[in-house]
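Visitor: Here's the letter readout for the chains.
6 protein chains.
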Amino acid sequence: MPENKTALVISAHAADFVWRCAGAIALHEEKGYDVTIACLSFGERGESAKLWKQEGGTTLEEVKKARRNEAENAAKALDAHNIVFFDLGDYPLEVTRDDKFKLVDLIRKVQPNFMLSHSQYDPYNTDHSFATTLAMECRMIAQAWGHNPGEKVLGAPQLYLFEPHQTEQMGWKPDVFLDITSVWDKKRAAIECMQGQEHLWHYYTNVAENRGNHFRRNSGGQAGGRAAKYAEGFQSIYPRTVDEL
Amino acid sequence: MPENKTALVISAHAADFVWRCAGAIALHEEKGYDVTIACLSFGERGESAKLWKQEGGTTLEEVKKARRNEAENAAKALDAHNIVFFDLGDYPLEVTRDDKFKLVDLIRKVQPNFMLSHSQYDPYNTDHSFATTLAMECRMIAQAWGHNPGEKVLGAPQLYLFEPHQTEQMGWKPDVFLDITSVWDKKRAAIECMQGQEHLWHYYTNVAENRGNHFRRNSGGQAGGRAAKYAEGFQSIYPRTVDEL
Amino acid sequence: MPENKTALVISAHAADFVWRCAGAIALHEEKGYDVTIACLSFGERGESAKLWKQEGGTTLEEVKKARRNEAENAAKALDAHNIVFFDLGDYPLEVTRDDKFKLVDLIRKVQPNFMLSHSQYDPYNTDHSFATTLAMECRMIAQAWGHNPGEKVLGAPQLYLFEPHQTEQMGWKPDVFLDITSVWDKKRAAIECMQGQEHLWHYYTNVAENRGNHFRRNSGGQAGGRAAKYAEGFQSIYPRTVDEL
Amino acid sequence: MPENKTALVISAHAADFVWRCAGAIALHEEKGYDVTIACLSFGERGESAKLWKQEGGTTLEEVKKARRNEAENAAKALDAHNIVFFDLGDYPLEVTRDDKFKLVDLIRKVQPNFMLSHSQYDPYNTDHSFATTLAMECRMIAQAWGHNPGEKVLGAPQLYLFEPHQTEQMGWKPDVFLDITSVWDKKRAAIECMQGQEHLWHYYTNVAENRGNHFRRNSGGQAGGRAAKYAEGFQSIYPRTVDEL
Amino acid sequence: MPENKTALVISAHAADFVWRCAGAIALHEEKGYDVTIACLSFGERGESAKLWKQEGGTTLEEVKKARRNEAENAAKALDAHNIVFFDLGDYPLEVTRDDKFKLVDLIRKVQPNFMLSHSQYDPYNTDHSFATTLAMECRMIAQAWGHNPGEKVLGAPQLYLFEPHQTEQMGWKPDVFLDITSVWDKKRAAIECMQGQEHLWHYYTNVAENRGNHFRRNSGGQAGGRAAKYAEGFQSIYPRTVDEL
Amino acid sequence: MPENKTALVISAHAADFVWRCAGAIALHEEKGYDVTIACLSFGERGESAKLWKQEGGTTLEEVKKARRNEAENAAKALDAHNIVFFDLGDYPLEVTRDDKFKLVDLIRKVQPNFMLSHSQYDPYNTDHSFATTLAMECRMIAQAWGHNPGEKVLGAPQLYLFEPHQTEQMGWKPDVFLDITSVWDKKRAAIECMQGQEHLWHYYTNVAENRGNHFRRNSGGQAGGRAAKYAEGFQSIYPRTVDEL
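Protein chains in written order, with the working numbering: chain A, 1 to 245; chain B, 1 to 245; chain C, 1 to 245; chain D, 1 to 245; chain E, 1 to 245; chain F, 1 to 245.
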């Protein structure tokens, strides 16, 4: 049973967690959470164009290895020591019943206080929305008292959807902004581990800056909003339960 | 300038605040908030059928007086000492530019940490959705540095939409549940002040009980959800800004 | 107090009721309903291009008179003897509080079993959606016991939205199809009263035929759908209350 | 070929039909319908927490047997004599092409006048929305003249979505309320057969009472709504075809 | 590598492309495009009622052959010489990973400037929406540099959703109308190849005429809209990239 | 009657057009369009915080003058020589029937090939969505043959919604990206005219860069997307009419 608070990131491809929630990972690690990152695939076929384009060619195994390295380095940069690779294949990502149960095993082991995954709709990348569907399904199975009776069942962790590329096309609407100013350097370091996607470094720095603006606006605006410089946005699937509004 | 934390309820008719957020009012009063209740009208024409049906007839002024009494008693039962009646008329509720500015004056005076009003759509009761449109518009005006320059401008308070009748028809979706178990007796007492709408007492007791179930589910369910007996649900308009997910 | 069953059509412009629900009008007249048609304007400015284009010019009064004639003839063709012209002006259609109360008077006088009006959204023609907003607001006022106390208040009639032009752009989705085969000749006769909009005769004949296809599909399709040749579609605003599914 | 009118309930787990449409079942049985209940699984893994928690442990088969007993007893309490268990497993519910064809066989055998199943979206319970997707797919197959040629093909029965738990989270919006006052005692008796989920008895009694209020409102409200005490709500997927609005 | 501009139609059943985008096919062939039509199935089980009903019976193979003939004739009438039959079966249409890769092969071979498929939702016909889901998934795979490395990867072609039957029930909203007046005779000829579905000839002629009206309205209306007589409507999935608004 | 192609921007406050569509303005001016910018208000009360905060105070007239200067300078930087100030007031922006007719006069004078305005929903700033509602209403009036008969009526120009702040909160979804690389320097120069809102310069530079990325993705991505460095996004209200997909 975990002693610390915990969180679980379910990332369709090896690099998704970096662009989309590296700040949340680093920040919660700093707060004492144990954050586990589950990479369902390496993005080896669909998100490794630079590697495939290199002169002399490459192989699937080499690409997977390179992507694994990048992801592990990025996790390290975030002080996240639990990164798990399911190696389920990508473009398309498909799963068997057994694969589902392995993910359930991880969910139950982690007992996350909250989960993070992709937007529910993505017409550019069906692996992404599939990962979220899978996250919901496995969350449900992990709550079942009749699944591996005797194991500790899962509670009701929030599922946050992290920011997709081209948010408006995905129907993604953030309802919470997280101030990641204090861990921005770590996120930037993790981003720079993604050697194969250098064209996205600047893009996601812009995103973080502009989400910082949204944080300031929504925390008070011209009349005293907090001076966050970098932020990340998330969409919640389930309602919150609180003692104070 | 208020010293305590504050909240502002904008209620289209005198009784709306009772059914929909009396728990939130009582709970936040207990926590030291100063909660102000703004009743835009008394609901004198459209929500006082019992009074109009009484033998011997009645007058608009009598109805308004009776409704005012009920609302004041309900507020007292919730320990809310700030209740303001705008007397703008109902069925339909209509406002002038001056009326807007009076509401802005109140918003600036209260400087609410959060606001509460109706659902954004209500095909049964256009006064309700109009009140929310008005709340958003006046929130905007209250933020304007050029409106009554020198006054303290408003920050960026959340606007929570409280629970309408027939939620699904209104397109209302709660994203936060508030545990009101500790103040349920006060809410029930406030409800019982509504002598003219006794047919709703049991209805809203059922609602509070069932929202308690939703609180339990979303706080952990079968695996340790908190034993809330009564709850209220709210829909947020603006994203939250947080330091931890 | 009406003895027959009754219905009320609220038409933004004089001709709208013809294209959109003439079949429903004629059919319910045949069934013994008294159907009242309320034309909020004549469509004199915005829907009378042919009249304005005629050589030698025309005047607003002449256009209104011509449009009134067409609408009255169309109503006659449908055996609808109650047609009321509010003459509120069009493009844009705007109303005062008094105008609202006049429409409420009519609603209460008719005591409709159901009402008919436009789609809730129309980016081409804001008069149309305004008419529906108005219909909902006046329905609410007509239900208020404190509005003209002593008058019979309104029950809870359904509000059907009739078919707009370019349905998909309006977000209109029919949930009920009405077989108008038996009164098609009357609808076509009413359509032919619209001398100024001959370009729409064939269009709305096509619509009626194709809605007939939808009627057949949804009443059984290849396995015994009813052989309706002409139909009209409507979207309901409120839930139905039934004794059998 | 059935002589009576018929209906078919497609329930993801053994108990779903009780909470969600037991009133509709009992009422239509009273009206002479033959109602068939298809339980795709027993809910043995995911909805039987109480059984799994009992001291001394249990087995999957014992749980299934207990759940089957409860469901059969509930059906009896509703005078529904046709209950079919597909035993497809739950959490997650998954089907083969053969399973689909078995459900198609049942649909064709029953030739339902209408069908009942779950909401189209359920982020808490993906089995539920899966059952509805399956119901739509099998309805389509049952209409195919080339599927088992010679068999009587299906017409175009309505598919009603019964009330999910936490309706607003599911995007479920009822468009029809059914008065179940006359059969409430049977529904309550069926509910009490669910020994393993006693915490829901009171919850769904509250739901039925409050839906009764909605029935009253939508059938006339303060001006003569019918005095229904208990009701159930349903969302229709397909448009209706009618002869009168 | 294709020299001409190209387009790819993905049709769930053999006849879908005729009703829904035959005009687009013929028009783009005239403009020098090579249009490829991919029929995922023949619609042999679910859309060939007339063949199955014929006296003396028939077989699946005979139905497939007849449907293939009709589709080939229709393609010829449109001057489309590339028609491919995947023969994946219908009602339900289901695919393996290999089937996906075969469709990817075709997409890469065609290198379409744009693609055409069904609406994203269809509660009457789940094969239709499945085809579009598949089209999106295979478009993504075709873009993957790691899928069959060395092949030319796909760019970012638009995916247009062609017009479904009962558009409003499918949530389909056209954002582009194509003038097909000049090729209407070819479309009508293609339609008349569909001997088994003669009941739809008139229906889709009506559709083309009424879409012509929409074309005229949106190209200028009473003030100079172009005199299109026949048109087809399409909904775009992805944003356009332009040099001029 | 204009000889060149024309466009009309309807901007709620004086600066809105700069952040949101300065690129489109400059680009179309370069292409020979005459672009007219209509500022409904100066944003004097609500969007001039810096001016109101300055030591020694200021007056409404001074603020309006300063804002007018900034807007005129920005227009000049874009080579847009037609900028019109309606001075209708802001926070809230409200209009009379006469104000509508003045905007109609401008629309008819410009005879725009396309129009640009705000998103349809903005819970932060109701002036914005009001401006779009007004734009639609006045577009309709301008099309009416009976409005100032004899004047040239309006055709059917597209209405593009330019990018709001916090796009996802506004329900805004771009369906077209415009490459503004060639005029970026002008847009940046116009942005730097906004002395009172320096905190937004960097923000909207980020936006333009990231929209450039979206342009590249949607014009071909890794397989040959065009190397746009800066772009603007727009959402269309009306369907397009085309001769080629």
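Please note that the accuracy of each hint is not assured.
Facing chain B, from chain D, some residues (calculated, C-beta under 8 Å) [stated by the list, open to error]:
1) Glu3
2) Phe130
3) Thr133
4) Glu168
5) Tyr203
Just a few of them, taken from the derived set where beta-carbon distance is under 8 Å, the chain E residues facing chain C [unchecked claim]:
6) Asn148
7) Gly150
8) Glu168
9) Val207
10) Asn210
Footprint (simulated), chain A over chain B, 3 or more residues, beta carbon under 8 Å [unchecked claim]:
11) 155-164
12) 170-182
13) 185-195
Rather than coming from a laboratory, the hints here were simulated on the basis of the structure.
All C-beta atoms in this analysis are idealised placements derived from N, C-alpha and C, irrespective of residue type, glycine included.
Visitor: State the violated hints by number, sorted upward, taking the hints as numbered earlier in the document.
Guide: Those not satisfied are hints 1, 2, 3, 6, 7 and 13.
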